[in-house]
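Participant: The primary structure of each chain is shown beneath.
Protein chains: 4
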Amino acid sequence: MTALPYDADRLHARATEIVVATRELAALGFTPATSSNFSMRLDDRHAAITVSGRDKGCLCEDDIMVVDFDGQPVATSQRPSAETLLHTQLYKRFPDIGCVLHTHSLNQTLASRLFAGAGHVRFEDYELIKAFRGQDTHEVAMDVPVLPNNQHIPTLAAQVDALLDNPLWGYLIEGHGLYAWGADMADARRHLDAFEFLLTCELEMRKLIR
Amino acid sequence: MTALPYDADRLHARATEIVVATRELAALGFTPATSSNFSMRLDDRHAAITVSGRDKGCLCEDDIMVVDFDGQPVATSQRPSAETLLHTQLYKRFPDIGCVLHTHSLNQTLASRLFAGAGHVRFEDYELIKAFRGQDTHEVAMDVPVLPNNQHIPTLAAQVDALLDNPLWGYLIEGHGLYAWGADMADARRHLDAFEFLLTCELEMRKLIR
Amino acid sequence: MTALPYDADRLHARATEIVVATRELAALGFTPATSSNFSMRLDDRHAAITVSGRDKGCLCEDDIMVVDFDGQPVATSQRPSAETLLHTQLYKRFPDIGCVLHTHSLNQTLASRLFAGAGHVRFEDYELIKAFRGQDTHEVAMDVPVLPNNQHIPTLAAQVDALLDNPLWGYLIEGHGLYAWGADMADARRHLDAFEFLLTCELEMRKLIR
Amino acid sequence: MTALPYDADRLHARATEIVVATRELAALGFTPATSSNFSMRLDDRHAAITVSGRDKGCLCEDDIMVVDFDGQPVATSQRPSAETLLHTQLYKRFPDIGCVLHTHSLNQTLASRLFAGAGHVRFEDYELIKAFRGQDTHEVAMDVPVLPNNQHIPTLAAQVDALLDNPLWGYLIEGHGLYAWGADMADARRHLDAFEFLLTCELEMRKLIR
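Chains as they are written, first to last, in numbering that gives the first Met the number 0: chain A, 0 to 209; chain B, 0 to 209; chain C, 0 to 209; chain D, 0 to 209.
To be clear, the hints were calculated from the coordinates, so they are not data collected in a lab.
Incorrect hints may have been included.
Since the list gives no way to pick out one identical chain from another, each pair is judged satisfied if it fits inside one copy or across any two copies.
[Stated by the list, open to error] As a list, the in silico DMTMM-like pairs of lysine to aspartate or glutamate whose alpha-carbon atoms are at most 25 Å apart: (1) Lys206 / Asp42; (2) Lys91 / Glu138; (3) Lys206 / Asp69; (4) Lys206 / Asp124; (5) Lys129 / Glu23; (6) Lys206 / Glu16; (7) Lys129 / Asp142; (8) Lys206 / Asp61; (9) Lys129 / Asp95; (10) Lys206 / Asp6; (11) Lys91 / Glu16; (12) Lys206 / Asp135; (13) Lys129 / Asp62; (14) Lys129 / Asp54; (15) Lys91 / Glu123.
It should be emphasised that the depicted structure is a prediction, and the values quoted were computed from it without experimental measurement.
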């Protein structure tokens with residue numbers, strides 16, 4: 000019997016955090032039709048991530064698998080999502096990223112289509128911008144990049160990598176959804192909440208200003 | 000005592016699945032004012048279906064009855080919905096359809112009215128289109144037919160039948176609601192979720208683009 | 000010790016029905032800021048009704064009182080809502096009305112203001128119109144009256160009375176909310192659900208058609 | 000061992016009230032991304048208030064601390080929110096204010112931005128205006144002030160103080176959220192509910208009137 004290349008207790012702890020958060024996000028409508036995936040760092044070579052194609056509203060611990068930072072399955076016959084590489088590229092490059100959340104809410108999808116032409120959504124003069132790590136005033140503008148959608152994930156990953164030279168807590172993919180991250184689950188959830196809220200504000204303001 | 004023409008254990012299993020799904024869909028607001036009906040295939044001649052006119056938010060197993068594929072009640076004095084034929088025509092023609100969900104959400108109703116003139120709603124460039132069985136890229140367009148409403152169900156069924164020569168996972172009826180289906184409950188639910196999400200996207204984009 | 004002029008067991012049964020329905024409607028956001036009131040017929044002289052000014056989200060049986068059909072409290076020191084007369088006038092005139100639900104949802108308020116000039120909201124070509132008792136086709140138009148708001152309830156009651164010569168299951172008061180009713184709680188709830196759904200459809204269609 | 004300068008039993012009672020209300024408001028989406036804070040008066044020198052930066056959806060009694068009316072922590076090493084002064088200035092000036100609720104709902108944020116130019120939002124001809132203490136008819140207009148946002152809280156507090164010469168139950172801060180208050184928790188919650196409902200009405204009417 001070979002030893003696992005990761006700490007099984009840590010996997011159990013992280014998998015539980017992912018299951019709880021996923022069910023909460025499913026209940027909020029962020030994961031329509033088995034979409035979306037969620038991960039947490041295990042160590043400097045492995046991450047725990049949701050298995051592809053499961054109903055996120057009734058996820059359990061068996062629906063979490065381990066991958067290495069090239070997105071390959073580790074010690075499992077389960078298949079990871081095609082988008083696993085978009086999670087692991089973040090863990091690989093930034094040691095202080097501990098959690099990545101990819102969701103498909105209605106307003107993320109709408110904003111990604113509406114602002115695809117501009118290439119970004121700008122948040123300006125919102126108190127809630129202080130929810131992002133490192134922001135301590137509302138008097139700044141913050142741009143969320145919008146990338147074109149692409150079924151070839153390595154291409155998408157390369158485009159994301161080019162954005163990561165500047166501080167960033169998330170990006171949109173056109174007609175697809177949002178990636179958001181943070182140091183741990185609480186941090187990533189707070190960033191996801193703030194993105195969802197501010198994207199919704201931007202969409203609603205467009206309906207209100209005539 | 001005559002034997003039942005269907006498997007009672009299978010009926011119990013399917014009825015439980017229908018009850019659970021119906022309560023979830025009712026909680027989402029998909030079944031206003033006792034509307035909507037839900038069915039699952041039992042075998043190559045029978046289906047289990049919700050009894051007409053019940054509050055879908057507190058359905059129980061007694062509210063599920065058996066019909067044959069001509070929409071006639073089997074071994075029961077309960078009355079099926081007038082629209083039963085729109086369920087059974089699918090089971091009769093396609094052996095691999097196992098579940099049919101008919102809902103009346105707000106956005107299904109709105110989209111059915113708004114796009115009745117065009118005769119269809121087009122989904123284009125959405126990642127979520129991959130939720131439909133057989134789609135593996137967002138780079139396709141998918142049309143959802145919109146039929147005129149009609150109190151004469153055989154006429155409506157004939158119009159639906161003419162659409163089924165091409166692959167299809169659902170259609171709208173004007174001012175009425177959506178029919179969606181799949182191989183089993185999970186499949187049909189995923190399709191229903193995806194229709195609801197994408198119809199809502201199309202409606203919201205029309206409010207946002209001025 | 001004098002006997003009560005109504006059946007205490009029946010009061011208990013009706014009060015329980017009112018409490019359950021009220022909490023459900025509160026959870027749906029139909030009773031903002033302690034507004035709204037709900038009643039059921041006890042016999043040909045008495046009705047049970049919610050006490051004024053309570054938070055509808057945590058109502059209990061003690062928050063239900065008895066009034067006669069002139070709106071006066073019976074065998075209690077509790078104070079009924081000023082609008083009690085709008086409930087009892089329906090029980091007094093129509094022996095087959097068993098339940099009256101008065102709610103203040105956002106869309107009821109919006110529709111009442113938007114259509115106050117027209118004096119009614121018209122529902123046309125909706126399948127859900129069949130939820131109203133007596134309707135068996137979508138091919139009819141149905142008008143919901145909108146009355147001007149008035150703090151003098153007897154005046155409002157007289158205006159309502161003039162509308163009741165024609166079959167009616169509900170009306171709006173401008174900037175205020177909806178009255179809906181039926182033979183029993185299930186009937187009144189189905190009518191309320193249908194009004195809410197169809198009013199929301201009418202509002203959303205106005206946002207969608209440009 | 001020194002005695003606490005406040006009544007510990009009263010703190011326990013008020014903290015419980017705050018925890019329950021906060022969780023309810025979090026579930027309604029009023030506290031995105033750890034924002035918002037809530038307080039109750041303890042006596043004529045102290046108030047209980049939520050600790051800064053906690054997730055309001057899973058608050059517990061340990062997340063409530065005591066401050067004096069200059070906003071300074073009392074008998075604790077916990078850090079209060081920077082906005083504590085906007086709570087305590089109300090307790091200091093008005094002995095009959097017992098509860099202050101500061102929330103960041105989507106519609107509060109949208110209304111604060113849309114009406115920042117006008118400097119106020121006007122409520123007119125709404126029955127629900129009677130939810131505010133002292134209003135007994137819908138036939139009045141009520142203005143909710145909108146202040147510019149400012150990271151320097153003493154400046155903001157001074158601007159609020161200038162508004163308090165007239166009867167007031169709440170105000171908005173641009174791009175930020177709402178402050179609402181009352182004699183006790185029930186009173187403050189009813190006012191908050193009414194503000195949220197009426198602000199949403201005003202926003203929706205702008206979408207409906209073309």
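Participant: Take the hints in turn and mark each one as holding or not.
Facilitator: Comparing the hints with the structure gives:
1. Lys206 / Asp42: Result: close neither inside a copy nor across copies, 45 Å intra and 46 Å inter.
2. Lys91 / Glu138: Answer is neither: 33 Å inside a copy and 30 Å across each miss the 25 Å cutoff.
3. Lys206 / Asp69: neither (42 Å within a copy, 42 Å between copies)
4. Lys206 / Asp124: both (19 Å within a copy, 23 Å between copies)
5. Lys129 / Glu23: both (23 Å within a copy, 23 Å between copies)
6. Lys206 / Glu16: Intra 37 Å, inter 37 Å, cutoff 25 Å: neither.
7. Lys129 / Asp142: Classified as within: same-chain Cα gap 14 Å, cross-chain 29 Å, threshold 25 Å.
8. Lys206 / Asp61: neither (43 Å within a copy, 42 Å between copies)
9. Lys129 / Asp95: within (20 Å within a copy, 33 Å between copies)
10. Lys206 / Asp6: Neither: 50 Å inside a chain and 50 Å across chains, both beyond 25 Å.
11. Lys91 / Glu16: within (21 Å within a copy, 43 Å between copies)
12. Lys206 / Asp135: neither (29 Å within a copy, 33 Å between copies)
13. Lys129 / Asp62: between (34 Å within a copy, 20 Å between copies)
14. Lys129 / Asp54: between (33 Å within a copy, 14 Å between copies)
15. Lys91 / Glu123: Answer is neither; intra-copy 31 Å and inter-copy 34 Å both fail.
This entry does not satisfy hints 1, 2, 3, 6, 8, 10, 12, 15, going by the numbered hints stated previously.
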